[in-house]
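Residue numbers (the working numbering), protein chains in the order written: chain A, 2 to 233; chain B, 2 to 233.
Please note that the accuracy of each hint is not assured.
Identical copies look the same in the list; a pair holds intra-copy or inter-copy alike.
In silico lysine to any residue, SDA-like type, Cα no more than 20 Å apart, as pairs [as the list claims (entries may be wrong)]:
hint, residue 1, residue 2
1, K202, L177
2, K89, Q215
3, K200, S123
4, K46, L14
5, K46, K199
6, K46, I88
7, K89, M2
8, K4, P132
9, K89, S162
10, K46, E16
11, K46, Q13
12, K105, E220
13, K4, P216
14, K46, E113
15, K182, L74
16, K89, L212
17, K46, R114
18, K175, T223
19, K200, T83
20, K89, W163
21, K89, A210
22, K89, T217
23, K199, Q13
24, K104, M214
25, K89, H165
Quick caveat, the hints were computed from the structure, so don't treat them as lab data.
Below, each chain spelled out in residue letters.
There are 2 protein chains.
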Amino acid sequence: MIKPIILLHQIQLAENLGAVARAMGNFGIDQLRLIQPKCDPDDAKAFAMAAGNETVLENANLYQSLEHAVGDLEFVFATTATERELIKEYHTPKTAMPLMIGKKVGLLFGPERTGLSNEDLSVATDIITIPVNPDFSSLNIAQAVVVILYEWFQSHTSQESWLHLGETKPAVQKELHYFFKFLETELDEVNFWRVPHKKEKMWQNIRAAFLRMQPTEQEIRTLYGAIQAIKK
Amino acid sequence: MIKPIILLHQIQLAENLGAVARAMGNFGIDQLRLIQPKCDPDDAKAFAMAAGNETVLENANLYQSLEHAVGDLEFVFATTATERELIKEYHTPKTAMPLMIGKKVGLLFGPERTGLSNEDLSVATDIITIPVNPDFSSLNIAQAVVVILYEWFQSHTSQESWLHLGETKPAVQKELHYFFKFLETELDEVNFWRVPHKKEKMWQNIRAAFLRMQPTEQEIRTLYGAIQAIKK
């Protein structure tokens, strides 16, 4: 797997540089290139915001021009908040991911105040723009890095929900049905339904609720215990 | 469309609170609830980091307990960096989205240093955990908010790449083929191919490159002009 390289053009604030370094660590990215930085990568504020990922700052490579910084890359995505005049392909972070597979890719971010100029953008193969609220579209630079690296990381990880079970096992339906029998008998005994013809609907709803619960074996035992304890 | 509500439990740093407010603005989210905040929502640092979205800080609601803060919600997602002992359903930001449709949902984030305790998590219906590098899994709180709100915003926006064309139109194939005829004639004239039997393969490759370019009508005219100019 080839990891993308982060390129920051004329980054202004050391805090943002540190926050980018932290985000890179969160998504396992280690190559950082700084083009004409306006702050010092060794600044204490950058180190504080890196929150333990100082290595990426220490190993950052410095460049005097964008052309040099992208020289060895196969594909350069520039990031912009808004659509520009240049005839370029625009992607969201998600739709950009398939284009990155197997390529040595640079992700280029502009200075905080102005973003990338059209001249800067001309070195880019394609553009990534993050879908945001059009009335408040200016993302913090580290936030933009996070979103794109999150998509990159996701493109390599499975996307399934899971139930944390620890030591216990999910109950099978038979165990639930035994429990339902037990519960129904108990409720019958205490004349819970009051009006007999309402029982069917009420009882369906109660079972539906317990089915949605998807209890574990242990939880079913706890439910038996609780009902028996209340009964006494 | 029902928008999620952001709940911050015992947030510590005003800068982070402001960064959360900015991120909420970026994705069009306006309801913020603060449970026992350890910093002042009116702090100048919070306002500076909000970068124009102070309204969300000014309108934030304060709560003394998590129970009160989630009281009117239909579904509460708590966020954690690691899997915990409680038997809960875990989702990634992406897999959580379908569960949010049509529900009044709260997104709960814990204090920066410790995250949410198991006691805090017990108010949650389900858990969201962001896929990250296991060796450096601690996301900044505002970064975690950004990632989840980005997924929420995406679930309402289309995911297609597009070509920015401005005033120009993409060339149709016929225009490309005329251009190819012109180019081939020019190259034949200057005996570009040298070895005749190599022409077929070389010419296929040249056409492939121009097809990948997907030029506009204007760009085709520019190409004609450039070749004619070079010829003179």
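Tested hints:
1. In this homomeric assembly, K202 and L177 come within 20 Å of each other (Cα to Cα) only inside a single copy, at 19 Å, whereas the closest approach across copies is 69 Å.
2. In this assembly of identical chains, K89 and Q215 lie within 20 Å of each other by CA distance solely across copies; the values are 10 Å between and 50 Å within a copy.
3. Taking the shortest Cα distances, K200 and S123 never come within 20 Å of each other, neither inside one copy (72 Å) nor across copies (33 Å).
4. For the identical chains of this complex, K46 and L14 are neighbours both inside a copy (9 Å) and across copies (15 Å), given an alpha-carbon limit of 20 Å.
5. For the identical chains of this complex, K46 and K199 are neighbours neither inside a copy (68 Å) nor across copies (60 Å), given an alpha-carbon limit of 20 Å.
6. With identical chains, the CA atoms of K46 and I88 are never at most 20 Å apart, being 39 Å at best within one copy and 40 Å at best between copies.
7. In this assembly of identical chains, the alpha carbons of K89 and M2 never lie at most 20 Å apart, being 26 Å within a copy and 33 Å across copies at closest.
8. When the C-alpha separation of K4 and P132 is checked against a cutoff of 20 Å, the pair qualifies only between copies, where the shortest distance is 16 Å, while the shortest distance within a copy is 23 Å.
9. Taking the shortest alpha-carbon separations for K89 and S162, only the inter-copy value of 11 Å comes in at or below 20 Å, while the best intra-copy value is 37 Å.
10. Taking CA atoms no more than 20 Å apart as the test, K46 paired with E16 passes in both settings, with 5 Å inside one copy and 13 Å between copies.
11. When the C-alpha separation of K46 and Q13 is checked against a cutoff of 20 Å, the pair qualifies both within a copy, at 12 Å, and between copies, at 18 Å.
12. Within a single copy, K105 and E220 get their C-alpha atoms no closer than 51 Å, and across copies no closer than 28 Å, so neither meets the 20 Å cut-off.
13. Proximity of K4 and P216 under a CA criterion of 20 Å is satisfied in neither setting, with 42 Å inside one chain copy and 30 Å between copies.
14. In this homomeric assembly, K46 and E113 come within 20 Å of each other (Cα to Cα) both inside a single copy, at 16 Å, and across copies, at 18 Å.
15. Proximity of K182 to L74 under the C-alpha cut-off of 20 Å is found in neither arrangement, the shortest distances being 67 Å within a copy and 33 Å between copies.
16. In this assembly of identical chains, the alpha carbons of K89 and L212 lie at most 20 Å apart only when taken from different copies (15 Å versus 52 Å within one copy).
17. Both within a single protomer and between protomers do K46 and R114 lie at most 20 Å apart by alpha-carbon distance, with minima of 19 Å and 18 Å respectively.
18. In this assembly of identical chains, K175 and T223 lie within 20 Å of each other by CA distance solely inside one copy; the values are 16 Å within and 75 Å between copies.
19. Within a single copy, K200 and T83 get their C-alpha atoms no closer than 60 Å, and across copies no closer than 44 Å, so neither meets the 20 Å cut-off.
20. Taking the shortest alpha-carbon separations for K89 and W163, only the inter-copy value of 9 Å comes in at or below 20 Å, while the best intra-copy value is 40 Å.
21. Taking the closest pair of Cα atoms, K89 and A210 come within 20 Å of each other only across two copies (16 Å); inside a single copy the shortest separation is 53 Å, beyond that limit.
22. Taking identical chains as interchangeable, the C-alpha atoms of K89 and T217 lie at most 20 Å apart only when they sit on different chains, with a minimum of 11 Å there against 54 Å within one chain.
23. Taking the shortest Cα distances, K199 and Q13 never come within 20 Å of each other, neither inside one copy (70 Å) nor across copies (53 Å).
24. In this homomeric assembly, K104 and M214 come within 20 Å of each other (Cα to Cα) only across copies, at 18 Å, whereas the closest approach inside a single copy is 46 Å.
25. When the C-alpha separation of K89 and H165 is checked against a cutoff of 20 Å, the pair qualifies only between copies, where the shortest distance is 6 Å, while the shortest distance within a copy is 45 Å.
The structure shown violates the earlier hints numbered 3, 5, 6, 7, 12, 13, 15, 19, 23.
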